[in-house]
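Engineer: Chain residues, written in single-letter form:
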Amino acid sequence: MNTRTIGAEAIAEKGWFGSHKWLILRRVSQLSILALFMLGPLAGLWLVKGNLTYSLTLDILPLTDPYVLLQSLLTGHIPEKLGLIGVAIILAFYFLAGGRVYCSWVCPVNLVTDGAAWMRGRLGIKGGAQLSRNLRYWVLAMTLVVAGASGTIAWELINPVSMLHRGLIFGLGTAWAIVLAVFLLDLFVSQKAWCGHVCPVGAFYSLLGKWSQLRVSAVKRDACNDCMDCFAVCPEPQVIRPALKGAKQNIGPVILSPNCTNCGRCIDVCSKDVFRFGLRASNKAG
Amino acid sequence: MGGSNKTPGAKQASRRRFLIDMAKSACGVGLLGGGLSLYAKQAGALPPLAIRPPGALAEPDFQGACIRCGLCVRDCPYNILELAKPEQRVATGTPYFVARNLPCEMCEDIPCVKACPTGALDHALTDINKSKMGLAVLVDHETCLNFLGLRCDVCYRICPLIDKAITLDPLHNPRTGKHAMLLPTVHSDQCTGCGKCEKACVLEEAAIKVYPIKLAKGELGHHYRLGWEEKRKAGKSLIDDQNIIDLPDRMPGPEDGK
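Chains as they are written, first to last, in numbering that gives the first Met the number 0: chain U, 0 to 285; chain G, 0 to 257.
Derived by calculation from the structure, the hints in this document are not laboratory data. Keep in mind that a hint or two might mislead.
What the hints assert, rightly or not - Calculated Cβ distances over 10 Å to all of chain G for the following chain U residues:
#1 Ala11
#2 Gly14
#3 Leu24
#4 Leu41
#5 Ala42
#6 Leu55
#7 Asp64
#8 Leu68
#9 Thr74
#10 Arg121
#11 Ala140
#12 Leu171
#13 Ala231
#14 Ser256
#15 Lys271
As the list claims (entries may be wrong) - Chain U stretches covered by chain G per the calculated footprint, using a threshold of three residues with CB under 8 Å from any CB of chain G:
#16 78-91
#17 124-138
#18 148-162
The structure presented is a predicted model; accordingly, all values stated were derived computationally and were not measured. Backbone N, C-alpha and C fix where the C-beta goes; we use that ideal spot for every residue, glycine too.
All chains, please: the whole structure from these sequences, using the hints.
Structural biologist: Okay, here's the thing in structure tokens:
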């Protein structure tokens, strides 16, 4: 087992709340979005109808998942007006806020895979199958090809992301088994396997957020004491190095990789307050 | 990773690793894609008793158009629709109903169609009486009470398009020799497939059922002509009576059977 816990210095420096601020905000965001969807079926309060593939809020605001809609387009179907307005709103939001904000602030599977990562740490499970970080883009391409070739939105037949969310709202059935499979994959087979290597939804949102404005920035990277806590806690640790260590090569300090989920855990876990949220435009080397 | 300052051997090794990684990803994902395609093909077959909501596109198109949001389920005032769970034989997440449990109530404003954001439920459907969710078929002539000579008539009475989609057609009852049977007869040009008849059928297992139109309907050969209709259209018989060769009728006689 680890002799020191990740973020121990930050807790000592900033207190427990100070070093879990973004994590707490993220859980609040994830759970309240889920709660908004579930208020209807559980309490009869219909603020939001539908699920993450398409929802109608207060009978006026349509929101459409662009990845599912793209697959539908590839089957040769043109959606109705509400579906198109919904997709425009979502595209604009994630284009600015960072595509993978969806992954860390909205997606219900994040709770499952974060749970697996936590348990993996507690049980001291190390190693496992080596998956390429690019695998997800292959899976993404495959789902699009299969949609076009089969004429059906095939990925939605097995997509654990929509299955879990839809299941919680409309009835889970045996979808729990698929969610459990994702949990076990992350726990035993390979670290951060689903969200960081396989999931095509995340891959799609990565591409969508390639030029996003809201980014994490290592503004005080000179203060970095190489404790490596940010690397240990980050779901996509490869994105940090160029920004944190790029001063000599005149790179950074903004994390530009679209794989960054803007989860803010690096901000929490740093005792030196190296990171904070900023804008892409503020990326001046220094 | 600048390859310029590497030795040729290291360069070769890294290229080799890159190619092997590519092959691993491509093969793994290719297998997954192949499996997914086969599963999608199986999931494309809708079981006969699962009926899509009004205005649903033909099944293959529907599965490309429906994004499984469940808005139709939410806006159905009678809560008859549900989204398929993974263990059910309907494509996961798509809406359907089973008429024997709860039939479509045929709302005049068709809220389920209006709610659909993609047009998987076709917004061109504005008159619920024109919907074609399926077609009722009196599948069992042996147990239907009207076929047994009784006056059950329940399917006929409950039909929202009574005397149009279902009529009672009299026929001589050969069993008693002196009564009539009033046979519930479905007319495919009027039936919407709402399933009220199937729900209402008093038998343990309904004798009248709603099936997908493709299963329920026969189809004449396209070259077939109905002589009596051609005669009506032409205003006269199309056969030239004068030149018809009248072959001698062969009557069974005492010589037969030798």
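Engineer: Next step is simple, just say for each hint if it's right about the structure.
Structural biologist: Comparing the hints with the structure gives:
no. : hint    : result
1   : Ala11   : holds (37 Å)
2   : Gly14   : holds (41 Å)
3   : Leu24   : holds (27 Å)
4   : Leu41   : holds (14 Å)
5   : Ala42   : holds (14 Å)
6   : Leu55   : violated (6 Å)
7   : Asp64   : violated (7 Å)
8   : Leu68   : violated (7 Å)
9   : Thr74   : violated (3 Å)
10  : Arg121  : holds (30 Å)
11  : Ala140  : violated (8 Å)
12  : Leu171  : violated (7 Å)
13  : Ala231  : holds (23 Å)
14  : Ser256  : holds (15 Å)
15  : Lys271  : holds (29 Å)
16  : 78-91   : holds (count 5)
17  : 124-138 : holds (count 5)
18  : 148-162 : holds (count 12)
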